[in-house]
Each structure stands twice: as structure tokens, then as C-alpha cells.
Amino acid sequence: MTKQEYTITVYTENQIGLLNRIAIIFSRRKINVESLNTSPSEVDSVHRFTIVINETEDVVRKLCRQIEKQVEVLKAYYNTNEEIVWQELALYKVPTDIIAEEVKVERLLRQYGAKAVVIRKDYTVFEVAGHREETDTLIKVLEPYGLIEFVRSARVAIIKNSDGFHKKLKSFEYKEPGEEVVENEYLSENEKVFSM
Amino acid sequence: MDTLELTKKEKTATATENISGSVAVLRALIAENVETIFGYPGGAIMPIYDALYDYHDKLKHILVRHEQGAIHAAQGFARVSGRTGVVFATSGPGATNLVTGLADAMIDSTPVVCITGQVFAHLLGTDAFQETDVINITTPVTKWNYQVTDANEIPHVLAKAFYIAGSGRPGPVVIDITKNAQLQLFEFKGYEKCEHIRSYRPKPIVRKEYIEKAAQLINEAERPFVIFGQGVILGKAEKEFQKFIEKSGIPAAWTIMGMSAIPTDHPLGVGMLGMHGNYGPNVLTNECDVLIAVGMRFDDRVTGRLDKYAKQAKVIHLDIDPAEIDKNVKTTVSVWGDCKETLPLLTELVEQKVYPQWLQKFKDCMEKEEVKCIKPELTPNNEVLTMGEVIDILNRLTKGEAVIVTDVGQHQMVACRYAKYNNSKSNITSGGLGTMGYALPAAIGAYYGAPDRPIIAIIGDGGMQMTIQELGTIMQFKPNVNIIILNNNFLGMVRQWQELFHQHRYSFVDIQSPDFVQVAKGYGIEGRSVCKRDELKNALSEMLNSKDSYLVEVMVGKENNVFPMVPQGRGVAEIVLGKDEV
Chain H
32 MTKQEYTITV YTENQIGLLN RIAIIFSRRK INVESLNTSP SEVDSVHRFT IVINETEDVV
92 RKLCRQIEKQ VEVLKAYYNT NEEIVWQELA LYKVPTDIIA EEVKVERLLR QYGAKAVVIR
152 KDYTVFEVAG HREETDTLIK VLEPYGLIEF VRSARVAIIK NSDGFHKKLK SFEYKEPGEE
212 VVENEYLSEN EKVFSM
Chain F
322 MDTLELTKKE KTATATENIS GSVAVLRALI AENVETIFGY PGGAIMPIYD ALYDYHDKLK
382 HILVRHEQGA IHAAQGFARV SGRTGVVFAT SGPGATNLVT GLADAMIDST PVVCITGQVF
442 AHLLGTDAFQ ETDVINITTP VTKWNYQVTD ANEIPHVLAK AFYIAGSGRP GPVVIDITKN
502 AQLQLFEFKG YEKCEHIRSY RPKPIVRKEY IEKAAQLINE AERPFVIFGQ GVILGKAEKE
562 FQKFIEKSGI PAAWTIMGMS AIPTDHPLGV GMLGMHGNYG PNVLTNECDV LIAVGMRFDD
622 RVTGRLDKYA KQAKVIHLDI DPAEIDKNVK TTVSVWGDCK ETLPLLTELV EQKVYPQWLQ
682 KFKDCMEKEE VKCIKPELTP NNEVLTMGEV IDILNRLTKG EAVIVTDVGQ HQMVACRYAK
742 YNNSKSNITS GGLGTMGYAL PAAIGAYYGA PDRPIIAIIG DGGMQMTIQE LGTIMQFKPN
802 VNIIILNNNF LGMVRQWQEL FHQHRYSFVD IQSPDFVQVA KGYGIEGRSV CKRDELKNAL
862 SEMLNSKDSY LVEVMVGKEN NVFPMVPQGR GVAEIVLGKD EV
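If you're matching them up, the sequences are chains H and F in order. Residue numbers for the first sequence follow the working numbering, so the first one is 32 and each next one is one higher. Residue numbers for the second sequence follow the working numbering, so the first one is 322 and each next one is one higher.
Incorrect hints may appear among the rest.
[What the hints assert, rightly or not] Result set (DSBU-like, lysine-lysine): computed pairs, CA atoms no more than 35 Å apart in a straight line:
1) F:Lys661 <-> H:Lys191
2) F:Lys879 <-> F:Lys842
3) H:Lys61 <-> F:Lys648
4) F:Lys629 <-> H:Lys100
5) F:Lys661 <-> F:Lys514
No wet-lab data here; the hints were simulated from the structure.
Please take these sequences and the hints and turn them into a complete structure.
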């Protein structure tokens with residue numbers, strides 16, 4: 032099995048220490064976390080982790096099970112890049128005088144969908160949301176014009192064929208779950224159960 | 322619906338009272354039917370100990386000599402009784418001394434709740450005296466942990482702690498309570514047991530279609546083989562399991578942790594799996610056509626080399642923990658769920674069968690093992706005492722009724738290979754972590770978990786010296802613990818490996834021991850040392866008949882090895898019966 036980028040989406044309770052509990056699942060196995068984001072989710076009181084790693088599917092599946100095993104984790108999903116819509120946000124600080132002089136830069140920025148967040152006499156901050164390659168390319172473009180600072184956020188991702196967590200959460204709140212709670216969708220989807 | 326229920330509860334709640342966080346802790350323990358606490362006081366847990374002063378008629382506290390002893394005792398208690406063990410320890414070193422036991426309880430799925438004191442909340446993160454980051458230190462070795470800084474949380478958090486520790490796949494829980502929360506007076510509205518946490522699913526849903534698929538595979542099998550682990554004991558599914566193998570007629574082998582779930586002399590019980598398990602179960606794992614794993618986790622000491630493990634077989638795995646399925650061995654059919662529920666469903670669907678020829682293969686293997694390993698161990702033809710003959714005499718004296726608590730090393734393997742058990746929860750040992758020093762404190766705890774059963778701790782000369790201070794606990798609280806030290810004047814298992822795989826380079830394994838009998842005497846414990854065969858039975862009888870704890874040291878052969886053995890890095894079928902085959 033070959034390694035590829037997987038995005039793990041984890042729905043959790045909002046609890047101090049849970050970030051560590053999840054992080055050590057990766058570090059214990061010496062797996063590098065490419066990006067990690069925590070945020071609220073579509074459901075009030077439920078937290079959402081978005082974790083990107085580069086691994087084989089077998090490893091990712093096992094990791095998800097280990098994550099889901101944690102008491103305060105509601106559910107963990109993993110997806111390939113084809114199965115998600117994702118963005119990363121990048122900020123670029125450049126000297127305003129150069130930007131103002133160089134018409135080329137303005138055109139470039141338009142080409143990359145950049146937006147000015149702050150314009151001051153001494154510097155301007157641009158923002159770009161996009162995939163890694165897109166935000167990376169703009170670094171190269173801006174470097175010759177004196178890029179002062181650059182920072183990029185973790186990935187946030189939406190699973191294309193997910194119905195969100197509202198319905199699912201209800202089933203979690205019952206003591207005896209109904210049949211609609213499939214414990215792990217991947218088992219039935221990918222015929223992982225009956226294969227050798 | 323939830324809000325409705327809440328208001329109802331609020332209305333029915335009668336007079337509330339103001340109590341301290343410390344008293345709330347003790348009330349919670351009483352509500353959880355805890356009777357025995359293993360612990361050691363210190364600065365940051367003093368309010369709880371102060372409250373305990375008034376509760377000593379309801380809660381027995383066993384003062385150990387080291388916090389590691391407390392948690393191993395709680396483990397022994399839990400393993401023998403099926404209940405949750407409880408530990409008190411103070412902050413800083415008190416809490417860090419628990420870590421080995423937590424790791425042990427985590428890997429062996431033992432329900433333990435540890436309550437640790439912590440510095441005042443306003444001192445957290447200031448490197449205060451005896452402050453340590455207990456939550457982060459214990460995160461990888463706990464099923465759940467939580468820091469309480471406000472007494473109002475205590476009833477709810479402790480209810481959660483007991484629920485999590487004991488349900489599903491059990492495990493250790495640490496509750497770290499800051500000193501201010503222990504002292505704080507708050508409005509106590511009563512204690513309610515926790516029965517549901519929305520993010521926690523202790524048992525996966527049983528899916529009938531997989532049980533049907535499993536039954537079909539079993540019914541079509543010609544050489545099915547059952548391997549089972551502690552899940553059967555933890556699920557209290559011993560009867561269900563026995564019915565399953567008896568109806569299906571399938572030979573069954575146990576892992577070290579599953580041992581005693583069925584009587585060791587059960588006609589379908591074919592022995593122990595693993596590195597020093599029996600010959601047949603190991604070799605025939607690679608000859609069966611359907612391998613049915615029940616409540617076990619395919620540890621590397623059981624599987625040997627994974628790419629040479631049961632490759633020919635279709636694998637059915639019954640486990641309560643979804644993370645165990647497909648973790649090490651790919652399954653053909655996985656049956657998620659509590660085996661107490663899944664086994665009867667499976668039993669119903671399997672055909673009544675017998676496999677005389679297949680069973681004969683196990684018997685043939687046993688004969689081979691008998692000649693090369695068992696006979697020389699149990700009836701040696703020289704004067705040197707073996708560990709096996711000690712166990713053999715114990716079997717005859719206790720008739721399989723004893724609880725045997727072992728430490729880690731050669732004596733552990735020999736004890737597990739030869740001990741006979743009639744009852745479940747009789748074999749208490751550190752399986753996954755291999756913690757030397759486990760046996761003595763665990764045996765103390767086992768006594769409080771099963772005070773009417775004979776408790777026998779079997780310990781090596783190395784392991785004995787790791788927690789020897791717990792003799793002091795025995796001296797003070799007088800649990801009846803029979804202690805057998807199998808002394809070969811070596812760290813035997815490491816020496817065996819050095820002999821077999823490191824060209825006899827005995828590097829730091831020649832450990833010196835004190836005069837154990839004299840040490841025991843110092844603690845007021847009677848004992849004797851035995852080096853001759855004709856004294857052995859007498860000494861062991863004397864020990865078992867003694868009303869108080871008693872120590873027998875048996876001087877056994879210095880360089881005896883444990884065989885059979887699956888050498889590391891080899892497949893189970895490459896198991897060797899003696900030195901000449903290594």
C-alpha cells in the first residue's frame with residue numbers, strides 16, 4: 032500500500048487535555064502530523080479536529096480506531112483529498128512602497144485571488160485561501176519584492192458526502208443506540224470485513 | 322427529554338448539605354461499593370486522609386510501603402474479584418510512582434481508579450513543591466484522566482471515573498484533585514452513578530450478519546481452532562464460552578491472560594499459546610483452517626512473526642474493542658461486541674460437532690512435549706530442583722483451588738505452563754507489560770479481593786527485590802499471603818536469552834539476594850528455605866496450613882531453561898522443544 036495524504040476529521044467533546052490525548056496517538060507511532068486544526072463544528076458543544084497526515088490507508092484506519100477509542104471522541108473519519116473540499120489560509124506581509132510601484136505585483140495578486148487585509152504606509156498584508164500549491168506559489172512570486180512575513184494556517188476540510196453531525200449526535204445521546212448508528216462506515220463500504 | 326428528566330431530578334432532590342470535596346470523594350467510593358483502598362498519604366492529599374479518619378469504619382485503607390505497591394495491589398484486587406480497585410496517592414512523586422502500575426493496568430485492561438492529590442489550583446504550573454503534571458504524564462497510560470479544581474465537580478467526575486474504568490474494555494482512570502477542591506465546601510446534591518456518556522460507547526453494536534457469517538465459516542471448517550484471552554474473564558462470559566466450545570467441539574487454547582477462564586483440565590482445553598506456551602497450540606495454529614479468536618489481542622508474544630502466523634486460516638475475531646480488530650492480524654469475519662452477548666448468538670448457530678482426528682493432533686503434540694519438556698521439568702533425574710516440580714506439588718496440595726499470582730520471568734512462564742485451575746480469575750500475572758515486582762503487592766490486593774481463597778505469590782529472586790518493601794504491608798495488615806520465591810540466583814529469563822542468543826555472555830544477570838527468610842523474619846513473617854527435594858512438599862504444606870503469611874524460598878537449578886520456546890523473530894510453527902533445536 033502506498034502512502035498518500037489523508038484528512039482525518041474528528042468530532043469530540045470540548046475538553047482540556049483531549050488535544051494531547053489525540054496528538055500522542057500519532058507521536059507514539061512516530062507519525063508526523065502535517066497539519067492540525069481545532070475548531071467548533073456545525074453542532075454547538077461539539078468540537079472538530081482536522082488532521083492531515085501522509086500514510087497508507089491501513090495505518091490511517093488503525094489510527095482512526097485508536098482516536099475513536101478515546102472516551103471524549105464521538106467519531107473519527109478519514110478521507111482522501113478527492114473526498115473533501117479543503118482550504119488553507121495564508122497571510123503575506125510585503126513592503127507597501129514596492130507593491131505600490133510595481134504594477135506587475137497587482138496583476139499577480141489578482142491572478143492568485145489575493146485580498147489586501149491591511150494596507151499601511153510601511154507594509155501591506157495579503158490573504159490567500161487555497162490549496163498548499165497555490166499558497167506556496169505566491170511565496171515564490173512575492174519573494175523578489177521583499178516578502179517580510181509569511182504564515183499559513185492548518186487545513187480545514189469539509190467532507191463531500193457527509194450529512195453533518197446533527198443527526199448522528201442525537202443517536203449518541205441515547206444510551207441504547209439504534210441500528211442507524213453504524214459503528215464504522217468504512218467496514219461496510221469497502222468490503223474490509225469479509226476480505227482476507 | 323433530557324431537560325424534562327433533569328427538572329424531575331431537581332424536584333425530587335431532597336435536602337442538600339454542605340460538605341467538603343474530600344468527604345464527597347469518600348461518599349462516592351461508598352456509593353460505588355468500595356470497601357478497600359490501597360494508598361499512601363502525603364501533603365497534597367491530606368484533606369482526603371483527614372476525612373478518611375472519620376470513615377475508617379466504612380472504608381478499609383491499606384497503607385502500602387510504596388505507591389507502586391498500592392496500584393499493583395489494586396490490580397490484584399480487581400483481577401481476582403472483577404471489581405474496580407481504588408488507589409490514593411499524593412501529588413508529585415506519589416503520583417509518578419503510580420505510572421508503572423497504570424501502564425500495566427492499561428495493557429492488561431484492569432479496572433483501577435486512582436485518586437491523586439494535587440497542589441492548590443492557583444499553584445498549578447508554578448513548579449510548586451511536589452507539583453507534577455500528572456494528567457499529561459498519565460495520559461498515554463490511562464483509559465481516561467481528569468483534573469478536578471472545583472469540588473462541585475467531584476461527585477459527577479468520580480461517577481464517570483468508575484463507569485469508564487469498569488465498563489467496556491476496562492482500564493485505569495486517574496482523577497487528580499487539587500488541594501483547594503478537597504478542602505472546598507460545596508452544596509452536595511447526592512451521588513448518582515454514571516450510566517451513559519454520549520461520546521463513549523463501551524460496547525459496539527452486535528451485528529447479526531457477522532455472527533451468521535462467522536457461524537457459517539465455523540460450520541464449514543474441518544480443523545477449527547479457538548484461541549481465547551482475558552476478554553472471556555472480563556466479560557464474565559466463562560459459561561457462555563464453555564458452552565460455545567462444547568457444542569462446536571472445537572479445541573481451545575488460552576493466552577496467558579485468558580488462563581483459568583475454563584478449567585485447565587477441560588477436555589477441549591489444549592493448553593497455552595505463546596512464546597513459552599504449549600507445543601500443540603503453537604504448531605497447530607499454522608495448520609487450522611478457521612482460527613476463532615475470542616477476547617484476545619494477538620500480542621506479539623502470542624503470534625511470533627506475523628507474516629508466518631496462521632496464513633492458511635480464515636480468521637474470526639470476537640472483541641469488544643473495535644481498535645483491536647485487524648490491528649495485528651487481518652480478519653475474515655470480525656464480530657464486534659461483548660462476548661457475553663456474541664458467544665450465545667454464535668453458539669446457537671453453530672452445529673454440534675466433534676473433531677476426534679483434529680483433537681488427536683493436539684494430543685500427539687502434547688506427547689512430544691511431554692517427553693522433551695514436561696517430564697524432565699516435573700520429574701528431573703538429578704538432584705537439582707526445578708521450578709516445575711514446585712508448581713506440580715502445589716497443584717496436588719491445592720487441587721487447583723488456589724489463586725496464583727506470579728511475577729515476571731522464568732518462574733512466571735513455568736507457573737503458567739504447569740499450574741492447574743478449577744476456577745476463573747485464578748491466574749493473576751503481569752501479562753502485557755511484564756512488570757517485575759508485580760506479584761507481592763498484587764497478591765496482597767488479591768487477598769482483599771478474595772479473602773477466602775488461598776493466595777499464592779510465586780516470585781523470582783529478582784522480582785522479589787523490586788517490591789520487597791511490601792512485606793511491611795503484610796506485617797502491618799496481616800493478609801494471608803503465601804509467598805514462594807523460586808531462587809536461581811540469576812535474572813533467569815534474561816540469562817536464558819543470553820545463553821541461547823548471546824553466546825553465553827552473561828551480562829549483569831548474576832544478581833545477589835539477601836537471606837530472604839531472615840528478611841521475612843525481620844518483618845515478622847515466618848519462612849524457610851528449601852534446597853532438597855524431600856523437604857519441598859513438607860515446606861509447601863506448612864506454608865499452606867499456616868494461618869498467617871508464610872514465605873518459602875526454593876533454591877532451584879541455576880541454569881535451567883524454559884522450553885518450549887518460540888524464539889523471537891520466528892513463526893509459531895518454528896517453536897523449539899529444547900536447547901539443541903535453537
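Hints, one by one, checked against the model:
1. F:Lys661 <-> H:Lys191: Violated, at about 39 Å.
2. F:Lys879 <-> F:Lys842: 25 Å, holds
3. H:Lys61 <-> F:Lys648: Holds. Lys61 of chain H to Lys648 of chain F sits at ~17 Å (cutoff 35 Å).
4. F:Lys629 <-> H:Lys100: Since the Cα atoms of Lys629 of chain F and Lys100 of chain H sit roughly 29 Å apart, the hinted pair holds (cutoff 35 Å).
5. F:Lys661 <-> F:Lys514: 23 Å, holds
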